[in-house]
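Protein chains in written order, with numbering that gives the first Met the number 0: chain P, 0 to 120; chain R, 0 to 420; chain X, 0 to 483.
A couple of the hints might just be wrong.
Said to hold, decoys possible - Think about it this way: if two alpha-carbon atoms lie no more than 30 Å apart in a straight line, the pair counts; the simulated BS3-like pairs of lysine-lysine are:
1. Lys76(R) / Lys416(R)
2. Lys76(R) / Lys119(P)
3. Lys416(R) / Lys303(X)
4. Lys391(X) / Lys113(X)
5. Lys195(X) / Lys250(X)
6. Lys42(P) / Lys385(R)
7. Lys178(R) / Lys468(X)
8. Lys80(R) / Lys392(X)
9. Lys219(R) / Lys83(X)
10. Lys180(R) / Lys42(P)
11. Lys180(R) / Lys468(X)
12. Lys321(R) / Lys62(P)
13. Lys113(X) / Lys219(R)
14. Lys62(P) / Lys480(X)
15. Lys208(R) / Lys77(P)
16. Lys195(X) / Lys290(X)
The set of hints was computed from the structure by calculation and includes no laboratory data.
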Amino acid sequence: METRELTCIGCPMGCQITVELEKGEVKSVTGNTCPQGDSYARKEVTNPTRIVTSTVIVRDGDKPRLSVKTKSDIPKNKIFDVMKDIDAAIVEAPKNIGDVIIDNVAGTGVAVIATRNVAKA
Amino acid sequence: MLSYDIVIVGGGPAGLAAAVAAREAGTESILILERDHELGGILNQCIHNGFGLHTFKEELTGPEYAYRFMKQVYDMKIEYKLNTMVMDISADRVVTTMNKTDGMNQIKAGAVVLAMGCRERPRGALNIPGYRPAGIFSAGTAQRLVNMEGYMPGREVVILGSGDIGLIMARRMTLEGAKVKVVAELMPYSGGLKRNIVQCLDDFGIPLKLSHTVVDIEGKERVSAVTIAEVGPDMKPIPGTEERYTCDTLLLSCGLIPENELSKSAGVELSPVTSGPVVNESLETSIPGVFACGNVLHVHDLVDFVSEEAKRAGENASKYVKEGSKKSGREPIKFVATEGARYTVPSTLDVDRMDDLLTVRFRVGAVYQDSYVSVYFDNERIMHNKKRIMAPGEMEQVILQKKKLAEYPDLKTITIKIEKD
Amino acid sequence: MTYDCIIIGAGVSGSATARELSKYDLNVCVLEKGEDVCSGTSKANSAIVHAGFDAAEGSLMAKLNVEGNQMMDELCADLEIPFKRNGSLVVCIHEEEKGGLKELYDRGIANGVKDLKLLDKEELHKMEPNLADEACAALYAPTGGIICPFMLNIAMAENAADNGVDFFFNTEAETLKRDDDGIWHIRTNNGEYKTKYVINAAGVYSDKFHNMVADKKIHITPRRGDYCLLDKEMGGFVSKTIFPQPTKLGKGVLVSPTIHGNLIVGPTAIDIEDKEATATTAAGINDLIAKAGMHVNNLPVGRKVITSFAGLRAHEDNHEFVIGEVKEAPGFIDCAGIESPGLTSSPAIGKMVAGIVCDLAKPSKKANWNGKRKGILNPSEMTIEERNELIKKNPAYGQIICRCESISEGEILDAIHRTLGARSLDGVKRRTRAGMGRCQAGFCSPRVMEIINRELGIPMEKITKSGGKSVIAPERSKAGKGDE
């Protein structure tokens, strides 16, 4: 039996939730005060995901950096792999919001897209 | 002298939303004045996600959220001037501007919308002892350097203050390869969102030390170490609790102050609690025809609420230009925030001028669990809403109905307070 | 090359001396270990022009204070820097100590201070409504004034440089000795400098150089003074400089408007060992606030403080300026122990030290010496029409960079490109005030960095706060892989 301690992010209460797991299966969720907490905790211990936002180097643009994000959630344990790809990316201006910067970042199947417009300098 | 029906000071989220709303309400002649070289304000450097859940029902980054409004401004062909500093606003609504091409210019405004935003509290106001080397940044300055200019302020970081900008910067610096050693927070609770504590600190194993402050900064040229210590209930450091962290950077995220230098020059009355203008139900300041919205009015937690408030300011400015000030002649009802509620926006209410519903926003002064937000019409309690949790970092609101207020023709005071039961 | 005269230190004393010597046909240079003028003791003090009633009657300090005070109007006009005789008050809060004021008055008269006046309670409170109720009498000195110490120091150095004095920055004098021909060899981190006369204006380090050559040793204690600077909102809290009655530790904690409209509170007086230890302490600041609060009502400290800082006074054990040639070291001239009222005295100090050099070197006067310096424009004092004319000629004056102090790009460009121009954020700040306002450079520092980068070609990653290792943003993100 494995137990995990979490802080719920649903509201400012920040309930301290304890999840008991056995062989990756959730056995119990305690400490939460609402159903939101229960579903948050189950997802967070079995399949935690995050959106990653950062910048990439943009050449010949009116700005030196282009802000980007993963188009959807990526597994939490892939954050630094995603950053490695983002750090290595160099793009040419112009770029517009929604343009795909990296197709399949760190093998997650998720694209990295531009979150602002950078015009040609 | 140039003249516009509505002059909006600031092209950030508040100014943009006010402009769009004023145009939609039928005002053609609108001018937005922005001091930076682009519209969008501080959102341009807030590249993290979490914006727009209320407004657009989807999660956007700061630049994406700003662009939604910028696009409307472009599409509606609303005029704006960039790289333009407003130097002065007079009580009779003459706005003095300056830029490289027009020099100093005076613009007569039918109505003015103040949307200048806020600034960060600097180190001086925190009275942190120690040296004054390079490497001490307000979190927002560091955010601009990293996200917009592409520079790293340092590699080993201590953060004082757990406001959302500080938390967000802990994650940003970490993702960019820096080591964030600790976040110290003077208060016994964080002013930041739980989600940010989990996703910006816990995800990366960054410790958050509540009831801690910086007691020494070392380094004559560049920061070399920062010492933090626990504070007692009197907020004074407790001797013997010092912990020293070697680092090259100290980020400060210790609160935001509405930027009201221009409001003051115009003679707008300010609230000592919010440092923003005192406004009525129309978000009109003590000077008729001068409206305020967004973080210049009071510091918001979510930009969605800024947009909503700015929309009302824009609509009311438009109405003012068309109809002038229609006061009912009746003494306005005063709001009183007490017993846990720190302030309200607005501060007064003229029922004849309100819409069917009025959102009154306020903040609490401490963390309250299982408590009630109570609203009293004079001495009669007419609202008693249970809240599981309220915290100073989050804005609260109550919604008043015109229909209900009509039942109280002699109402003098509306009191908002926090009650245990 | 052998200089006629080398000055160690580009603080107010060194710079004043350099300016005075620039009147003569002499090869003069200044060695400064900092990256700019005004990098040590001169940069952190009360910014006060003292009337001259404090120093002991007959002392050099008293003489130079009063002389310096009297020289200030003309000097500031010539150098185009702001100066205001706002007047000072020494306030008594204990009836039984009123006698001390009379003593000060008498000393002031003996020192040659003009227009001194003893005020009773009523006159006093009429003059300064925010004084503490206990304030029962005061000594009023209308000749007391306020000045910007950076500007005075910078302007004197600039004017000296314009008249031919060389300045070498980041150049730290390490040792010096006199050869058989009477030439002084000064070893620095940047090689050796030779000179006939050397002036020791090294501030808190002046004992070090004195003691290298003199038989009779002196001892300088760095006496730390903590200060708080308050928001301009509070600039009108008092109109005069408010002093408590002096004690043997000094003039005590003053509350004063600054020439730029802030309110300054300070200093403490804490003797320390480390000559670079300009760190403030919590105890120091708390002490300061407590003491300042005794003479005024409801001092708005707390959140109205925009910055706190500490300076080091070069306190000589006998509390007297040490100025003169060291007998056993011919050509070595001390300008040591310059602590308060050093800023006030500096023009007179410069004159006196230069006089000593001239007596020895007997130089002729330059025919084309120009003692006037063009100040950095202050557009906020112009009318809209004048300002528009300026912006039309030079659009950079239309772009505000520092929002708190309303400093334009034009002023910053001037600060960078003029004689002894700024090369760091602090250099720009001290010349223009950009970054000195209520947000303390949070807004303008990235913008000023861009201007320095563009104008001087210093890479962004190398731009410093104040020289040395004080780099602001040491590297590019993403390791700068794709950046040109």
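Hint consistency between Lys42(P) and Lys385(R) [alpha-carbon to alpha-carbon, up to 30 Å]:
The hint holds at about 29 Å.
Given the hinted pair Lys76(R) and Lys416(R), is their alpha-carbon gap at most 30 Å?
44 Å, violated
Tell me if the straight-line CA distance from Lys178(R) to Lys468(X) falls inside 30 Å.
20 Å, holds
For a C-alpha distance cap of 30 Å, please report whether Lys208(R) and Lys77(P) respect it.
27 Å, holds
Agreement of Lys180(R) and Lys42(P) with the hint, judged by alpha carbon distance not exceeding 30 Å:
28 Å, holds
Below or equal to 30 Å on CA atoms is what counts here, so check Lys195(X) against Lys250(X).
39 Å, violated
Regarding the pair Lys80(R) and Lys392(X), is the alpha-carbon distance no greater than 30 Å?
Given pair Lys80(R), Lys392(X) holds - Cα atoms ~21 Å apart, limit 30 Å.
Between the alpha carbons of Lys416(R) and Lys303(X), is the straight-line distance 30 Å or under?
29 Å, holds
Against the 30 Å threshold, does the CA-CA distance of Lys219(R) and Lys83(X) hold or violate the hint?
With a Cα-Cα distance of about 33 Å, the restraint between Lys219(R) and Lys83(X) is violated, given a limit of 30 Å.
Is it true that the CA of Lys62(P) sits at most 30 Å from the CA of Lys480(X)?
16 Å, holds
Check the hint pairing Lys321(R) with Lys62(P) against an upper bound of 30 Å on the C-alpha distance.
41 Å, violated
Restraint check for Lys180(R) with Lys468(X), where alpha carbons must lie at most 30 Å apart
22 Å, holds
The structure does not agree with the numbered hints 1, 4, 5, 9, 12, 13, 16 stated previously, though it agrees with the rest.
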